[in-house]
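Generate the whole structure from the sequences, applying the supplied hints.
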Amino acid sequence: MPSRPIYLTLLTGTLLAGPVGAQGGDGQALYRECIACHQIGPDSENSVGPHLNDLIGRLAAGVEGYPYSKAMSAAGAAGMVWTKDTLDAFLTNPMDMLPHTSMGYRGMPDPQDRATLIAFLATGPDDATAEATFNVAPEILALQGDLAYGEYLSGDCTACHARGTDDGIPSISGLSRDAFVTLMQAYKQGAVTHPVMTMMAGRLSNEEIAALAAYFESVD
Amino acid sequence: MTLNRRLFLGTSIAAAGGLAVPMVRAQGKPRVVVVGGGAGGATAARYIAKDSKGAIDVTLIEPSRTYYTCFFSNLYIGGLRDLQSIAHSYGTLASKFGINVVHDWVISVDRDAKTVSLASGGSLPYDRLILSPGIDFIEDSVPGWSVESQNAMPHAYKGGSQTELLKAQIEAMPQGGTFAMIAPPNPYRCPPGPYERVSMIAHKLKAENPTAKILILDPKEAFSKQALFVEGWQTHYPGMIERIGPDFGGGNVSVNPEEMTVDIDGDVQKVDVCNVIPAQKAGQIAEAAGLTDGNWAPVNPTDLSSSMDENIHVLGDAAAQGAMPKSGFAANSQAKVCANAVGGALTGSTVFPARFSNTCWSLIDTDDGVKVGASYEAGESEIVAIDSFISQTNETAEVREETYEESVGWYQAITEDMFGKA
Chain D
1 MPSRPIYLTL
11 LTGTLLAGPV
21 GAQGGDGQAL
31 YRECIACHQI
41 GPDSENSVGP
51 HLNDLIGRLA
61 AGVEGYPYSK
71 AMSAAGAAGM
81 VWTKDTLDAF
91 LTNPMDMLPH
101 TSMGYRGMPD
111 PQDRATLIAF
121 LATGPDDATA
131 EATFNVAPEI
141 LALQGDLAYG
151 EYLSGDCTAC
161 HARGTDDGIP
171 SISGLSRDAF
181 VTLMQAYKQG
191 AVTHPVMTMM
201 AGRLSNEEIA
211 ALAAYFESVD
Chain Y
221 MTLNRRLFLG
231 TSIAAAGGLA
241 VPMVRAQGKP
251 RVVVVGGGAG
261 GATAARYIAK
271 DSKGAIDVTL
281 IEPSRTYYTC
291 FFSNLYIGGL
301 RDLQSIAHSY
311 GTLASKFGIN
321 VVHDWVISVD
331 RDAKTVSLAS
341 GGSLPYDRLI
351 LSPGIDFIED
361 SVPGWSVESQ
371 NAMPHAYKGG
381 SQTELLKAQI
391 EAMPQGGTFA
401 MIAPPNPYRC
411 PPGPYERVSM
421 IAHKLKAENP
431 TAKILILDPK
441 EAFSKQALFV
451 EGWQTHYPGM
461 IERIGPDFGG
471 GNVSVNPEEM
481 TVDIDGDVQK
491 VDVCNVIPAQ
501 KAGQIAEAAG
511 LTDGNWAPVN
521 PTDLSSSMDE
531 NIHVLGDAAA
541 QGAMPKSGFA
551 ANSQAKVCAN
561 AVGGALTGST
571 VFPARFSNTC
581 WSLIDTDDGV
591 KVGASYEAGE
601 SEIVAIDSFI
611 SQTNETAEVR
621 EETYEESVGW
631 YQAITEDMFG
641 KA
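Keeping their order, the protein sequence lines are chains D and Y. For the first sequence, the numbering used here assigns the number 1 to the initial residue and increments by one for each residue that follows. For the second sequence, the numbering used here assigns the number 221 to the initial residue and increments by one for each residue that follows.
A couple of the hints might just be wrong.
Label-pair restraints from in silico Cβ distances [unchecked claim]:
1) D:G164 / Y:D607: 42 to 50 Å
2) Y:L385 / D:A78: 39 to 47 Å
3) D:N53 / Y:S309: 52 to 60 Å
4) D:V219 / Y:A339: 37 to 45 Å
5) D:A77 / Y:L385: 54 to 62 Å
Note that these hints are calculated values from the structure, not bench results. Keep in mind it's a predicted model, so treat the numbers as computed, not measured. Cβ coordinates follow ideal geometry from the N, Cα and C atoms, glycine included.
In structure tokens, the structure reads:
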């Protein structure tokens with residue numbers, strides 16, 4: 001599992017994409033900002049981020065087996081519980097409320113949007129229209145990447161992604177293999193969009209994404 | 221070249237095995253000499269040294285001890301960055317990567333003997349030579365202007381002292397004065413560069429000299445990101461910027477640096493600052509080495525090797541490679557493909573298929589960034605584009621701010637990719 005607690009600032013992509021189809025205050029549409037990393041609804045599992053079932057009332061860092069950041073674990077140890085109020089504060093700007101959280105989402109500034117999203121999180125998806133989870137097929141996640149090829153391909157990434165800083169563009173060094181594959185597949189399959197990343201992921205085969213994931217997991 | 225990428229991993233060993241026998245010098249390590257320490261040369265030197273883990277002897281020849289990036293130099297002119305923030309040294313390439321950094325000029329290449337001669341008198345042998353000399357200017361492309369008049373009318377199209385000079389001249393302009401830019405014809409370094417520069421100068425003048433005028437004299441019908449720049453100029457700097465294209469004489473311009481006048485198709489105007497960006501060609505050493513055809517050095521798209529000499533590679537602005545723009549990003553991208561191929565040729569390491577990418581960010585005003593980019597691969601005879609994107613007009617302020625912040629992240633990453641992380 002992750003050598004670096006999945007610093008998911010890759011979510012810049014979802015931010016640029018904006019709340020797709022959010023007009024009318026549709027919670028499920030707003031939830032598209034979350035789906036590359038979080039699962040909700042029947043059969044949900046921990047993915048890049050922890051599953052979000054029964055979130056309201058859950059202790060922070062309360063899902064067993066998920067490798068939370070120290071910041072989130074400390075909040076849980078101090079007794080912080082996810083309520084409509086704490087979620088509202090967190091989603092406004094996660095890194096303001098919990099510096100060093102591994103959820104690199106920049107936040108949802110509109111209070112009405114947050115209220116709509118939190119209402120959706122409280123009830124979960126309507127099964128009839130459930131498209132709330134982005135899943136990578138197990139055979140794609142299981143692909144073993146060629147490390148040397150991944151190192152070569154990484155040249156396309158390192159022109160923009162610096163090591164050890166998330167200023168403007170997130171660092172991807174040390175990302176866990178599963179997190180890397182999930183995010184790149186989310187770009188490739190259009191679950192999240194960003195002009196550069198959609199183009200870069202679009203040209204990569206599943207094997208190439210696996211190779212890159214193997215390489216970036218191996219570097220600090 | 222079209223490769224089925226799914227098959228590629230399975231065939232890479234066979235492909236590598238099919239290469240010519242790797243050169244192994246009886247008397248020691250294979251030698252690579254890299255000429256030019258910019259986005260192409262510094263990156264190529266670092267990747268060859270890094271990937272060969274000491275098996276290849278790498279020498280980088282660059283006259284300047286401090287390298288000022290051309291990219292982001294417009295932000296310095298506009299007052300959004302200081303000069304130190306775009307200055308880089310070669311110390312890490314020497315200390316961490318074992319590269320022999322030589323501050324000198326290469327004055328000639330003996331392709332038969334495979335040596336380069338230095339201005340200081342020495343010469344260096346190579347097994348592979350990589351030229352990344354950037355651009356030089358075509359003489360008399362702007363009648364009346366020559367390199368001798370670059371103090372009166374700076375080009376500021378190579379980073380460093382020229383950039384400082386242009387900034388100082390803009391700061392010394394009289395209130396309500398006129399800044400003129402002679403824009404270059406295609407192809408030239410950094411297609412959106414002149415127009416980002418105009419944006420940054422307008423940003424500065426709006427605060428310091430709001431009645432000043434900017435005049436662009438342009439031989440081109442259209443230019444990079446035109447709709448985005450024009451929209452931004454109307455929004456941020458209404459009435460300040462006038463562009464005269466070829467239909468109105470913008471392509472028939474001469475200058476008089478002593479009188480500080482420009483002659484626009486017979487209409488002589490006095491200006492206070494004149495930024496002359498002449499027509500461009502490959503850095504002089506490419507021509508001196510006999511590698512140019514016309515103004516640029518043609519290369520093979522798979523490894524950036526010269527069409528004239530298989531032991532020499534030409535990177536970046538100087539190369540005629542096909543569809544990629546002449547940009548620092550492109551040079552950095554080409555350098556990695558070249559480094560992989562040179563490593564394979566000299567040590568037998570695996571050579572992977574060429575793939576390239578480019579993104580050019582431009583800043584129109586504070587937090588108003590735009591971008592254009594594309595991905596590329598090696599075609600039959602040249603580099604070809606496979607996909608592209610561009611910022612849209614009418615984007616929200618949030619998107620533009622994110623785009624600018626991205627460019628700041630990119631600057632940090634690409635300069636570390638070139639010079640190493642200290």
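Evaluated hints:
With their beta carbons about 30 Å apart, G164 of chain D and D607 of chain Y fall outside the hinted range of 42 to 50 Å. Between L385 of chain Y and A78 of chain D the Cβ separation comes to about 58 Å, which falls outside the hinted range of 39 to 47 Å. Between N53 of chain D and S309 of chain Y the beta carbons are some 53 Å apart, a value that agrees with the proposed interval 52 to 60 Å. A hinted range of 37 to 45 Å for the beta carbons of V219 of chain D and A339 of chain Y is consistent with their spacing of about 40 Å.
For A77 of chain D and L385 of chain Y, the Cβ-Cβ distance of about 59 Å falls inside the hinted range of 54 to 62 Å, so the restraint holds.
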